[in-house]
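> Here's the letter readout for the chains.
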Amino acid sequence: MDYILTTNELTKTYGKYNAANEVSIHVQRGGIYGLIGRNGAGKTTLMKMIGGLSRPSSGSFEIHGRNGETTEQMMPKVGILIEAPGLYPNMTAFQNLKTKAIALGIKDDNYLRGLLSEVGLSDTGKKKAKQFSLGMKQRLGIAMALVNQPELLILDEPINGLDPQGIAEMRSILHHLCEDRGITILISSHILDELSKVATQYGIIHEGKLLEEESKEELFSKCCERLELRTNDIAKTLEVLNMMGFSKLEVKDDAINIYERLNEGGAITIALARENIQTNEIAVKTEALEDYYFQITGGSKND
Amino acid sequence: MINLIKMNLYRMSRAVSTWVMAIVIAVFGFMQFGSLKMFLDDPFNLFDGSGSSSLGFKTLDGVQSVSTFLQNSNILLILAIFVVLFVNAEHKAGFDKNIIGITKNRWKQTLARWISAVIGMTCLILIGYAIMLGLCALFIDNFAFGAVAPMLKSLGLMYLGAVAFSAIFFFFTTLFNSSVGGVVASLIISLGILNLIEMLLDMLVKKFISNPKVLPTDIFYDSVYFSFNHESAGAKAIMIFVLISVAYIVLTVGGSMILQQRRDVK
Chain A
11 MDYILTTNEL
21 TKTYGKYNAA
31 NEVSIHVQRG
41 GIYGLIGRNG
51 AGKTTLMKMI
61 GGLSRPSSGS
71 FEIHGRNGET
81 TEQMMPKVGI
91 LIEAPGLYPN
101 MTAFQNLKTK
111 AIALGIKDDN
121 YLRGLLSEVG
131 LSDTGKKKAK
141 QFSLGMKQRL
151 GIAMALVNQP
161 ELLILDEPIN
171 GLDPQGIAEM
181 RSILHHLCED
191 RGITILISSH
201 ILDELSKVAT
211 QYGIIHEGKL
221 LEEESKEELF
231 SKCCERLELR
241 TNDIAKTLEV
251 LNMMGFSKLE
261 VKDDAINIYE
271 RLNEGGAITI
281 ALARENIQTN
291 EIAVKTEALE
301 DYYFQITGGS
311 KND
Chain B
18 MINLIKMNLY
28 RMSRAVSTWV
38 MAIVIAVFGF
48 MQFGSLKMFL
58 DDPFNLFDGS
68 GSSSLGFKTL
78 DGVQSVSTFL
88 QNSNILLILA
98 IFVVLFVNAE
108 HKAGFDKNII
118 GITKNRWKQT
128 LARWISAVIG
138 MTCLILIGYA
148 IMLGLCALFI
158 DNFAFGAVAP
168 MLKSLGLMYL
178 GAVAFSAIFF
188 FFTTLFNSSV
198 GGVVASLIIS
208 LGILNLIEML
218 LDMLVKKFIS
228 NPKVLPTDIF
238 YDSVYFSFNH
248 ESAGAKAIMI
258 FVLISVAYIV
268 LTVGGSMILQ
278 QRRDVK
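Here the protein sequences come in this chain order: A and B. Just so we're aligned: the first sequence equals residues 11 to 313 in the working numbering. Just so we're aligned: the second sequence equals residues 18 to 283 in the working numbering.
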């Protein structure tokens with residue numbers, strides 16, 4: 011497997027609190043790695059360490075297979091947008107890009123204009139960054155992260171606070187950067203549905219620990235369809251289902267979840283009626299990514 | 018490093034605060050000229066003919082103009098505020114996040130920021146001084162430029178002192194990561210509040226130690242900068258002043274560099 015980034019038990023400790031606790035992620039080159047976790051789960055802490063903004067308390071990470079001191083040589087190939095974009099409010103979009111470009115010794119103004127065009131900000135002219143909408147600021151933040159032509163782009167909650175159109179624009183930019191420019195993206199979000207539309211790999215982080223790391227296919231296979239059945243007598247219902255040959259099932263609260271032969275809802279209802287069991291509800295349901303996330307982290311939607 | 022300095026100068030030239038401070042210092046230069054002219058000419062005997070004697074000179078030359086301009090608490094305050102605003106702008110905007118990760122040695126960013134701040138301060142001093150000097154040359158009858166060498170010597174020493182003074186605020190602003198910390202520190206020192214604190218501490222500490230001069234509040238502004246008479250100072254006094262100024266610059270800027278190198282970006 012070709013990994014552009016791997017972390018090895020990366021840990022960040024503040025006093026006695028482990029903001030990131032021995033996190034080991036493996037980011038495949040050319041994909042979009044979605045880091046899922048609620049606020050305070052450790053996503054930003056992890057990204058800051060990888061982006062060179064904070065020092066790990068222990069552990070290490072490799073970029074392009076380089077670790078330790080040699081990792082620093084690869085940092086110019088990493089672009090970051092962590093939390094709010096770092097912009098000078100009284101400067102225009104171009105001037106903000108120009109400021110970073112000067113620091114990097116880049117003199118080609120046309121290259122910078124190209125970046126603005128790429129994120130849809132080519133017509134902002136003399137408008138100052140402080141007058142930008144949140145979506146525009148986020149897109150300018152991405153352009154800033156692209157100035158040094160990164161191979162790995164780290165984006166922390168880039169869709170946070172955006173309206174639906176802003177989210178769609180951001181999705182389009184991410185697809186373009188990944189597919190057309192071959193940039194690997196590590197993106198975090200707690201908006202799981204949105205993340206599921208762009209990411210090809212997932213890491214679920216909770217209370218500083220990485221709980222799961224899986225591909226899109228693996229994750230989606232776990233978020234599978236099921237037949238949810240509610241009756242007036244669960245014990246008798248299980249006997250009937252057993253007689254009918256159902257084995258992939260589980261009892262959850264007052265419902266029985268059946269994970270096979272989902273088109274046999276009618277037959278189940280008839281069989282239950284013959285045994286004088288009342289069917290209160292039977293429906294095909296799909297477990298959402300969100301449900302899976304709560305199942306993994308042991309939380310609930312109201313947490 | 019050169020690129021980082023260029024970057025800082027680029028953003029400095031586009032910051033509103035830079036131009037506001039340039040206007041403030043231009044006005045300050047004009048006001049300095051006005052007060053000088055009023056005292057020296059005193060055409061209406063506003064000061065009972067004693068204006069020039071209260072200044073200590075009846076004719077104005079280059080050295081005296083430097084003294085009047087640079088050995089003034091107001092200009093030190095203006096320069097300190099300029100440094101505080103310039104340094105804090107990067108933290109406040111969060112712009113440092115864009116470049117810290119890709120800069121191998123973070124301390125270089127702090128050094129580049131300091132060098133840029135000094136360049137900015139120099140420009141401000143030159144603007145204010147040029148306005149005051151130009152107006153003096155044009156409108157003060159008793160003005161004679163005099164020898165260049167003593168004026169440059171005086172200018173150099175006062176400039177070094179002003180830079181060292183600003184270095185303290187550079188450190189405070191880097192330490193607190195906020196303009197509030199830097200400005201409060203600058204006001205405490207520049208408005209003489211420190212002297213009051215020092216008096217109180219002196220009263221307390223004298224009970225325990227015999228030499229209250231070791232107090233940390235006995236710092237640059239009143240004990241070094243204003244007590245140094247550059248016009249009549251001998252070689253030894255000049256050497257001590259230069260050494261103390263350089264020590265302040267090295268300690269504060271070096272301290273800021275270490276802070277930047279070790280500290281995580283928030």
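Hints are computed from structural coordinates only; laboratory data are not their basis. The C-beta atom is built at its ideal place from N, Cα and C for all residues, glycine as well. Some hints could be false.
Partial pick of chain A residues on the chain B-facing surface, computed with a CB cut under 10 Å [said to hold, decoys possible]:
#1 Gly-89
#2 Lys-110
#3 Gly-115
Computed Cβ-Cβ distance ranges for the label pairs, DEER-style [stated by the list, open to error]:
#4 Gln-141(A) <-> Met-55(B): 24 to 32 Å
#5 Thr-139(B) <-> Ser-127(A): 38 to 46 Å
#6 Tyr-24(A) <-> Leu-169(B): 47 to 55 Å
#7 Gln-278(B) <-> Pro-99(A): 26 to 34 Å
#8 Ala-166(B) <-> Lys-140(A): 25 to 33 Å
#9 Arg-181(A) <-> Asn-91(B): 37 to 45 Å
#10 Tyr-121(A) <-> Ala-252(B): 50 to 58 Å
#11 Lys-140(A) <-> Thr-139(B): 36 to 44 Å
#12 Lys-87(A) <-> Val-259(B): 55 to 63 Å
#13 Leu-155(B) <-> Gly-130(A): 54 to 62 Å
#14 Arg-48(A) <-> Gly-272(B): 37 to 45 Å
#15 Lys-87(A) <-> Ile-40(B): 17 to 25 Å
#16 Asn-170(A) <-> Thr-139(B): 19 to 27 Å
> Grab the minimum C-beta distance from Lys-110(A) to chain B and call the hint holds if it beats 10 Å, violated otherwise.
Nearest chain B Cβ about 5 Å off; hint holds.
> Could you say whether the range 24 to 32 Å given as a hint is met by the Cβ separation of Gln-141(A) and Met-55(B)?
Violated: the Cβ-Cβ distance is about 46 Å, outside 24 to 32 Å.
> Falls inside 36 to 44 Å, the C-beta gap from Lys-140(A) to Thr-139(B)?
29 Å, violated
> Would you check whether Gly-89(A) satisfies its interface hint, that is, whether its CB is within less than 10 Å of any CB in chain B?
9 Å, holds
> Holds or violated: the 17 to 25 Å window for the beta-carbon distance between Lys-87(A) and Ile-40(B)?
43 Å, violated
> Using Cβ atoms only, decide whether Gly-115(A) comes closer than 10 Å to chain B, and label the hint accordingly.
Since the shortest Cβ distance to chain B is 5 Å, the answer is holds.
> Can you let me know if the beta-carbon spacing of Tyr-24(A) and Leu-169(B) is within 47 to 55 Å?
Roughly 52 Å apart at Cβ, these two residues keep to the hinted range, so it holds.
> Quick one: are Tyr-121(A) and Ala-252(B) within 50 to 58 Å, going by C-beta?
At 55 Å between Cβs, range holds.
> With respect to the beta-carbon atoms only, verify the hint that Gln-278(B) and Pro-99(A) lie 26 to 34 Å apart.
The hint (26 to 34 Å, Cβ to Cβ) holds, given that Gln-278(B) and Pro-99(A) are roughly 28 Å apart.
> May I ask you to test the hint 19 to 27 Å on the CB atoms belonging to Asn-170(A) and Thr-139(B)?
This hint is violated: roughly 43 Å between Cβ atoms.
> Falls inside 37 to 45 Å, the C-beta gap from Arg-48(A) to Gly-272(B)?
At roughly 39 Å between Cβ atoms, Gly-272(B) and Arg-48(A) fall inside 37 to 45 Å, so the hint holds.
> Is 55 to 63 Å right for how far apart the beta carbons of Lys-87(A) and Val-259(B) are?
45 Å, violated
Checked against the numbered hints above, the structure violates hints 4, 8, 9, 11, 12, 15, 16; every other hint is satisfied.
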